[in-house]
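Following the hints, complete the assembly by docking chain B onto the known chain A.
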Amino acid sequence: MFAYYARLSLASFRRNPGLTTLMVLAIALGIAVCIMTLTVYHAMSGNPIWWKNDRLYAVTMDNWDPKQTYNHDGSLGPPPQLTYKDAMHLFSSDIPERKVVMYTVDAVISGTGLPAPTRVETRLTSADFFAMFDVPFLYGSGWSGSADTPPQPVIVLSRQENEKLFGGINSVGRTLRWKDHEFRVVGVLDEWMPRPRFYDVNGGSFQMPEDAYIPFAWGKDLELLSSGNTDCWRPEKIDSVAEFLNSDCIWLQMWVEIPEARSRERFQAFMDGYWAEQRKAGRFERPRDNRLTNVGHWLRDRKVVDTDNRVLVGLAFAFLAVCLINTVGLLLAKFLNAAAVTGVRRALGASRRQIFVQHLVEVGTLSVIGALLGLGLASLGLAAVHHMYSAAHLGHRGGYQELTHIDAVGVMWAVILAIAATLAAGLYPAWRVGRLPPAQYLKSQ
Amino acid sequence: MNLSVRPILSALLRNRTGAVLVAMQIAIALAVLVNALYIVMQRIEKMRQPTGIDVDNILVVSSAGFTERYQPVPSIEQDLRYLRSLPGVTAATATNSIPLSGGGSAQTLVTQPNAHSNDSMNYFEVDEHGLDALGLHLVAGRNFRHDEIQPPLTKAEASRFVPQIIITRALAQDLFPKQDPLGKQVYDSIGQAATVIGVVDPMLGSWPGMIAHPDWVFLMPRAPFTEGGNSLIYLVHTQPGQREAMLRLIETHLSSSNPERVVHFVRPLRYFRDLVYLGDRTMGIYLFTVTLLLIAVTCLGVFALATFNVSTRTKQIGTRRAVGARRADIVRYFLIENGLITSTGILVGCALALGVGYWLSMQYELPRLNLYYLVGGVLLLWAIGQLAAWQPARRASAVSPSVATRTV
Chain A
0 MFAYYARLSL ASFRRNPGLT TLMVLAIALG IAVCIMTLTV YHAMSGNPIW WKNDRLYAVT
60 MDNWDPKQTY NHDGSLGPPP QLTYKDAMHL FSSDIPERKV VMYTVDAVIS GTGLPAPTRV
120 ETRLTSADFF AMFDVPFLYG SGWSGSADTP PQPVIVLSRQ ENEKLFGGIN SVGRTLRWKD
180 HEFRVVGVLD EWMPRPRFYD VNGGSFQMPE DAYIPFAWGK DLELLSSGNT DCWRPEKIDS
240 VAEFLNSDCI WLQMWVEIPE ARSRERFQAF MDGYWAEQRK AGRFERPRDN RLTNVGHWLR
300 DRKVVDTDNR VLVGLAFAFL AVCLINTVGL LLAKFLNAAA VTGVRRALGA SRRQIFVQHL
360 VEVGTLSVIG ALLGLGLASL GLAAVHHMYS AAHLGHRGGY QELTHIDAVG VMWAVILAIA
420 ATLAAGLYPA WRVGRLPPAQ YLKSQ
Chain B
0 MNLSVRPILS ALLRNRTGAV LVAMQIAIAL AVLVNALYIV MQRIEKMRQP TGIDVDNILV
60 VSSAGFTERY QPVPSIEQDL RYLRSLPGVT AATATNSIPL SGGGSAQTLV TQPNAHSNDS
120 MNYFEVDEHG LDALGLHLVA GRNFRHDEIQ PPLTKAEASR FVPQIIITRA LAQDLFPKQD
180 PLGKQVYDSI GQAATVIGVV DPMLGSWPGM IAHPDWVFLM PRAPFTEGGN SLIYLVHTQP
240 GQREAMLRLI ETHLSSSNPE RVVHFVRPLR YFRDLVYLGD RTMGIYLFTV TLLLIAVTCL
300 GVFALATFNV STRTKQIGTR RAVGARRADI VRYFLIENGL ITSTGILVGC ALALGVGYWL
360 SMQYELPRLN LYYLVGGVLL LWAIGQLAAW QPARRASAVS PSVATRTV
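Which chain is which? The protein sequence lines are A and B, in order. The first sequence runs contiguously to residue 444 in numbering that gives the first Met the number 0. The second sequence runs contiguously to residue 407 in numbering that gives the first Met the number 0.
Bound-form chain A, shown alone (with noise of 0.2 Å):
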């Protein structure tokens, strides 16, 4: 039966070839443009740390000016970024089960051997950042505990920059010279790059994972400030690096990773209990407001996902209803146009079950047919975007890439998407066929 019914859906497409083609190319475009804003839009909101959702917590307290909020548009919440001094003394607590507070350093990697000095983007953290975050190694590991204070000489390579200065070897034991001082590597990470960089999301969060990676502590015994962003708000005069350190200048991502709930409550009243000593010594002047905020709200509250993006997934579904609501139409004048043979076909005893079914196939056949072509638009669309990407980008390692491919459950998602889609378009105009008076249609024959 079925195979009778791809047949007549064959015959009817060759009866009117532009109309079908057109039919095919309005679902495909609906289809491509869909597809192409939510890759897009995937890209920027996914959550890439989605398992741990219920254990990894970006630490933040309110230090902000009483007179304002941290937050231009006048909202509350708290700054995104820590005080040294606060830090220090939450990084203390035993109760996280791992912790890591950082920040990012521009450095020069040079050394005898290697290849001409050349900048590398480090990033200043503790020895639980690779558990923590889950980062794949290629060789080698990070860092014990033990090497966080007093800092060890011991370095973390990304996978990119090990093939630049080593050729892709397992360079672990090998030293170099990081800012000219000697450092050993430990550890060459393998393929990482969390879609947005979630545990630091100042400065855009396109940013790729740095490209090194050294003990926190070497910030203080070597000076080093921040590379990213630093923010103060207090008038206050700061002529040495103990004075920054003490003031209340923001700069230090801190996260902890507390599976359990209890555990977090704990955490959190030893936040507060330091909240309130510290506002007794004339700090912390607003309301309380310390938190611990997992991956999923983090990016919701840093507005990663930007409002453009937003507009573009209702354009694209605004798209796509255009697209389907005009297939509906082209189905139906269709149907009704072919109304003598479907009469014929009624009077030589088929059913409205039947009719409707047949109807459905030649419908079916075109949704697939619609989904492929839109499949391939979509890729075609993405190149271009990616395109108009990275000739901005010319000699940088954008992190735009991820737009490029679409991966195997968002193609499934998107032709499940275009098939029932087409299907429900083409309900209505098949259920109507088979409604039609067989008798009407026979009789002008």
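Hints are computed from structural coordinates only; laboratory data are not their basis. Beta carbons are placed, not taken as given, at the ideal position from N, Cα and C, and that holds for glycine. There could be a bad hint or two in this list.
Claimed, not checked - Derived coverage of chain B by chain A (criterion: at least 3 residues anywhere in the stretch with Cβ under 8 Å from a Cβ of chain A; other residues may be distant):
| no. | region |
| --- | --- |
| 1 | 25 to 31 |
| 2 | 64 to 72 |
| 3 | 106 to 120 |
| 4 | 125 to 139 |
| 5 | 155 to 161 |
| 6 | 222 to 232 |
Frame of chain A; chain B shown alone:
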């Protein structure tokens, strides 16, 4: 001959599915068209805001010392001497950050000592060649003198201010409304004073399109901070047409002239300016393309419905022609029918467009949709709708009256 709308309307109501579908498409198309165009125009306006900076003739050099032996002050002097000696270069300065790049520094600036301010003002540290290196226009006062250029800040002396500053006219109007800013005192957050000696106009700073007042900028006569391997920026103004040649020359020379430092990059300033507006540009192109496709698909819908209506009514058309209707009457009939459908869609679309516009204004914290866009969108869609129905209507008018007499 019948001009009245009533029979057309009653014919439409007897067979409304197709008409409703087309009206829905037109409604959505109108809502999208009007709002998309509004957003695109705002982006274009944003990108067109004059920077005051000679973007096309400036090169940005970023470098950093990385060894203990690196001596920033003599190294910078030597580099600037070299850059200024090049025949294709008109001016060069060392500075702390790249203008128009989305990254920069800001500090409090108030008109009373120890007053409180909610705003941080964007600043650039330059020397006496700074104005020429950026291609800025001094509209009042004077430039910095060579002897006014302060040594760089150090970690041990990080709060020092400068005695003189040059400000943009926009900042002057904010700090000293309706007064002459020249000679006035301004203060930093801990009450140190500086005198305004010059005014430039226009000038955009580090964050065009990203903050409320990207043109509130001031210049400080000071060498940039370089301790701890901080990146150092040179801005090099080249003669027209010399930019690419100078880029290669400077890159080659600087990367080998001092082994204690590395040159990160030499790039045209245009690169950074384009990068900062990249999101707006992509959004504009995307919106424009999708809207265009949407209009095309809608046209297709109008065209298909009209064609269908014509083909199912061949006999009726023949009959009307046989009893005396002229070709023009037939064309008019189909255009009026199409006009009724389009107008219904447009009416619904207006409400939809205003609704979407309201939602967007909440999202973007922008003024409500400009009604001119709505009027423009209505006219455009109406015209396009009628155009799409024109060909089927013409075909209908070509139906011969003899069709009415045939039975098959």
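For each hint, the structure was consulted:
1. Counting residues of the region 25 to 31 of chain B whose beta carbon lies closer than 8 Å to any beta carbon of chain A gives 4, which reaches the threshold of three, so the coverage claim holds.
2. For the region 64 to 72 of chain B, the proposed coverage by chain A is satisfied: 3 residues have a C-beta within less than 8 Å of a C-beta in that chain, meeting the threshold of three.
3. Here's how the region 106 to 120 of chain B fares: 4 of its residues keep a CB closer than 8 Å to some CB of chain A, so the rule of at least three is met and the hint holds.
4. For the region 125 to 139 of chain B, the assignment as covered by chain A is violated, since 0 residues bring a beta-carbon within under 8 Å of that chain's beta-carbons and 3 are needed.
5. Under a criterion of three residues with beta carbons nearer than 8 Å to beta carbons of chain A, the stated coverage of the region 155 to 161 of chain B is upheld, 4 such residues being counted.
6. Closer than 8 Å: that is the beta-carbon criterion, and the region 222 to 232 of chain B has 4 residues meeting it against chain A, so the requirement of 3 holds.
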